[in-house]
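If you read the sequences in order, they're chains A and B.
Note that the working numbering numbers the first sequence so that position 95 is 126, with each residue one more than the last.
Note that the working numbering numbers the second sequence so that position 287 is 291, with each residue one more than the last.
What the hints contain is simulated information worked out from the structure, not anything from laboratory work.
One should not assume that every hint holds.
Per the computed footprint, the stretches of chain A lying under chain B, defined by three or more beta-carbons under 8 Å from a beta-carbon of chain B, are [stated by the list, open to error]: (1) 73-86; (2) 261-271.
Simulated DEER-style distance windows between Cβ atoms [unchecked claim]: (3) A:154 to B:48: 44 to 54 Å; (4) B:284 to A:159: 16 to 26 Å; (5) B:113 to A:69: 50 to 60 Å; (6) B:464 to A:275: 30 to 40 Å; (7) A:71 to B:295: 29 to 39 Å; (8) B:354 to A:174: 53 to 63 Å; (9) A:154 to B:151: 18 to 28 Å.
Positions of the beta carbon are idealized from the N, C-alpha and C atoms, including for glycine.
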Amino acid sequence: MSQALPFGAPPLGAILAGGNRRHFQHGPIDLVIEATGVGHEVGRAYKQAWARFETILGELVGELPALRAPFKASGPKLGGPAIEGAVAQRMEAACARHQGVFVTPMAAVAGAVADEVLAALVVGRALEKAYVNNGGDIALYLSPGASFDAGMVSLADTPSAAGTIAIDYASSARGIATSGWRGRSLSLGIADAVTVLAPNAAEADVAATLIANAVDTDYPRIERVPARELDPDSDLGARMATVNVGVLPDAAVIAALDAGADAAKRMIAGGHILAAHLVLQGEVRTIGAAPLKALTDQAEPNIAATRSTGLDKRRRAWPT
Amino acid sequence: MPDDSARAKESAKDGLVTCDACPVLCRIREGRSGACDRYGNVHGALTRLDPFVVTQRVAQKEGDLVAFGKDDWDGAMIKGAPTFITGIGSGTTYPDYKPAPFIVASEYDGVDMVTVVSEGIFSYCGIKVKIDTDRFVGPETAAVRVGGEQVGHVTTAEYGSQMLSLGGVRHLTGGSKKEGTITCDTMLKLCSGEAVELIVDDGARLTVEAGKPPVINDAQEERMRVGCGSATIGIFAKQWHGHADEVIVVDDHITGVLSEHQAGRFLGMEPVGIRVRGRKSTPGRYFQVAEPGTGWGGTDITDPLSIIDSINPKTAWPGLRLFMVSTTGEDAAFFVLDDDLKPVAAAMPAPLELVVERIGENCEPALSTVLFMAGAGGSLRAGVTENPVRLTRSVREALTRVTCGGAPVYVWPGGGITLMVDVTTMPENSFGYVPTPALVAPIEFTLRLEDYAAMGGHMDAVRRVEDMAEAGRLKSVRWHDQAPWPGAPLHGIAREA
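The whole structure should be built from the sequences, with the hints applied where relevant.
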């Protein structure tokens with residue numbers, strides 16, 4: 032089951048403008064990777080990352096049915112296939128931290144791929160720092176003394192959401208992820224964007240998904256449809272996914288953000304995440320000790336932590 | 005996951021499109037996109053959504069063309085500007101069991117044209133590097149290495165230049181996995197305009213970057229030689245005349261000696277009896293005065309007097325003025341013979357200084373140039389036509405124009421479609437790679453729509469360029485204005501004939 036199917040476009044790699052960053056793409060996996068350090072170490076690191084990347088999609092496809100099923104922490108699923116792949120196991124491990132809430136391992140897929148490729152990139156190499164950015168979900172490596180700035184792009188109606196996240200070596204954050212109903216994956220909540228810092232990207236990805244689901248309230252201007260009507264193979268099945276959110280009264284915005292903030296606080300108390308940054312209709316809530324800085328125009332952020340927003344507005348730049 | 009037949013039934017019933025662009029096999033509802041956001045279901049048809057690169061010819065004012073890359077260009081489409089869709093970012097349908105990703109119809113001067121756009125996966129591809137230098141880079145056929153692996157070899161020198169052949173199928177897939185990976189990486193970097201360090205067996209350490217001066221053993225080459233030593237004498241003899249009694253032009257290929265040379269004889273000079281080492285070719289022209297190297301004129305010498313074998317006391321005289329110069333003007337020295345007929349360094353007269361400068365002025369800047377060479381054979385052609393040999397014939401008969409990212413290519417005569425292209429004329433980030441290993445490069449075939457129909461082209465896959473521009477998913481790059489417009493019919497087409 033772990034072999035790539037013998038059809039479809041092969042994995043592609045490219046050198047991005049500037050000469051150091053790499054772009055790896057295979058099907059829905061879209062990675063921007065950068066490693067810095069001594070030249071030959073960087074070159075070897077990219078080769079290691081590519082060697083790992085080549086087979087990842089094939090491995091995941093083989094286990095998709097199991098990974099789309101709701102996660103149950105209590106042992107192996109009865110009658111279900113065992114999960115074997117390294118990325119799949121990262122996805123499960125990230126979900127295992129969240130009890131009593133609906134989640135499937137697919138909530139961690141983007142982050143888990145970023146973590147897996149980052150692990151292959153850095154193993155045995157002496158690098159200054161490195162990141163693997165999988166469509167906004169970022170896995171980080173920092174050597175002592177190194178730091179990383181991620182930029183958060185503002186939504187049109189929320190200029191205050193723009194800023195940078197500065198992560199230094201002393202921080203235990205090595206994963207950043209963003210989720211929301213405007214993003215690439217379906218959401219059960221109404222958050223425009225929830226950005227999470229966690230020890231790794233898979234954990235950040237699951238947490239961002241779950242906090243974004245929790246940013247919710249009942250209000251007539253919120254349109255929802257069963258997820259499977261949007262995507263017949265969605266892991267959310269018949270659950271109601273958000274497709275449009277009209278302008279909400281302040282009370283509804285605050286209620287929804289409060290619900291999301293409660294979820295984020297529980298995750299911080301449980302030691303699963305370090306910080307969360309919630310955005311809904313112009314209101315911003317930061318939970319935990321997020322190393323956030325307001326965006327000033329002298330520093331161009333090197334990473335967009337928010338994702339593209341919907342089919343009609345999509346602007347993908349490949350090759351950039 | 006339902007089995008395939010169940011999936012197919014459900015798909016037909018619900019108007020789903022199953023995308024086969026990757027192994028995920030997303031089933032996509034109308035108006036939605038797949039997991040990758042690259043493909044979507046647009047009115048029941050699987051449709052590529054993400055931008056790919058077009059090149060546009062933009063008139064700044066009436067008739068003027070904006071120079072390539074001279075000002076900021078935001079990549080937005082310009083309405084109404086002639087547009088050529090390139091293969092960059094178009095993807096591939098390898099192994100081409102279906103039509104190429106884009107088959108686009110457009111009009112040029114009232115002629116309906118069609119461009120078949122694809123990204124080719126080139127298993128057979130390599131790079132020809134021309135390094136403008138007379139310095140020794142290594143013996144012919146010597147291995148060229150990166151990271152210890154052989155990625156190519158030194159081939160025959162050309163006028164004022166050393167030539168390398170890099171890549172090729174034997175290094176990509178004919179050797180070890182490591183050799184193939186490093187070869188692919190080296191080619192990708194050179195094609196992407198990056199600098200690469202190359203080590204030649206029994207030769208030099210080179211840093212090569214397309215369109216930039218080469219670096220040879222840590223020394224950056226500035227100029228090509230003005231000509232060989234004999235040619236240099238031919239060009240400048242008259243300007244030296246009267247300011248020196250003998251001029252020796254040091255060159256690794258042919259060293260020239262003015263008083264023995266035809267040009268000196270023409271000026272009424274007699275041989276002065278300063279004999280240089282090496283093998284005499286014709287009067288005043290000597291081969292192999294020294295070993296190749298990185299010294300004077302591509303030789304290994306740093307002391308020019310070391311090439312003087314003897315000075316004949318019967319013909320030379322005390323006070324004789326000897327001027328020595330290299331074929332690039334980078335090295336020059338002036339001597340006067342003392343009473344023992346020993347050359348003694350002296351201040352160079354101003355008229356000779358002037359000619360040294362002039363030699364330098366006549367040397368063109370030394371560059372490394374990189375041509376990508378590849379064979380567009382096999383199945384790539386099946387994405388163009390049901391009858392692939394007709395595409396080859398059509399290219400051969402100059403009915404079909406081949407371009408890479410809109411850049412002009414040279415198609416080698418003979419069988420197949422083997423092409424060469426200057427990588428610096430292609431848009432940025434044109435190249436990619438696959439783990440085979442092989443390079444991925446854009447390729448476009450442009451021909452008259454009627455010719456396309458006649459060759460068995462995939463006519464039902466043709467769409468209008470205007471419709472694609474409307475879809476707003478194109479990223480525009482400026483057309484290289486020195487290149488022929490890739491969307492125009494080739495010259496010499498005479499359909500009536």
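message = Tell me if the beta carbons of residue 154 of chain A and residue 151 of chain B are separated by a distance inside 18 to 28 Å.
response = The hinted range 18 to 28 Å holds for residue 154 of chain A and residue 151 of chain B, with Cβ atoms some 19 Å apart.
Cβ separation of residue 354 of chain B and residue 174 of chain A, checked against the hinted range 53 to 63 Å = holds, 60 Å
query = For the pair residue 71 of chain A and residue 295 of chain B, does the Cβ-Cβ distance stay inside 29 to 39 Å?
reply = With Cβ atoms ~32 Å apart, the hint holds.
query = Within 30 to 40 Å or not, the Cβ separation of residue 464 of chain B and residue 275 of chain A?
reply = Given about 37 Å between the Cβ atoms, the range holds.
ask   = Are 3 or more residues of the segment 261-271 of chain A near chain B, judged by a Cβ distance of less than 8 Å?
value = holds (count 4)
50 to 60 Å as the expected CB spacing between residue 69 of chain A and residue 113 of chain B, which holds or is violated = holds, 56 Å
ask   = Using the C-beta atoms of residue 154 of chain A and residue 48 of chain B, is the stated range 44 to 54 Å upheld?
value = holds, 46 Å
ask   = Should the hint that residue 284 of chain B and residue 159 of chain A are 16 to 26 Å apart at their CB atoms be regarded as holding?
value = violated, 60 Å
request  = Given that the segment 73-86 of chain A was listed as covered by chain B, double-check it with a C-beta distance under 8 Å for 3 or more residues.
outcome  = Coverage by chain B holds here, the residue count being 4 at a Cβ distance below 8 Å.
In the structure shown, a violation is registered for the earlier hint numbered 4 alone.
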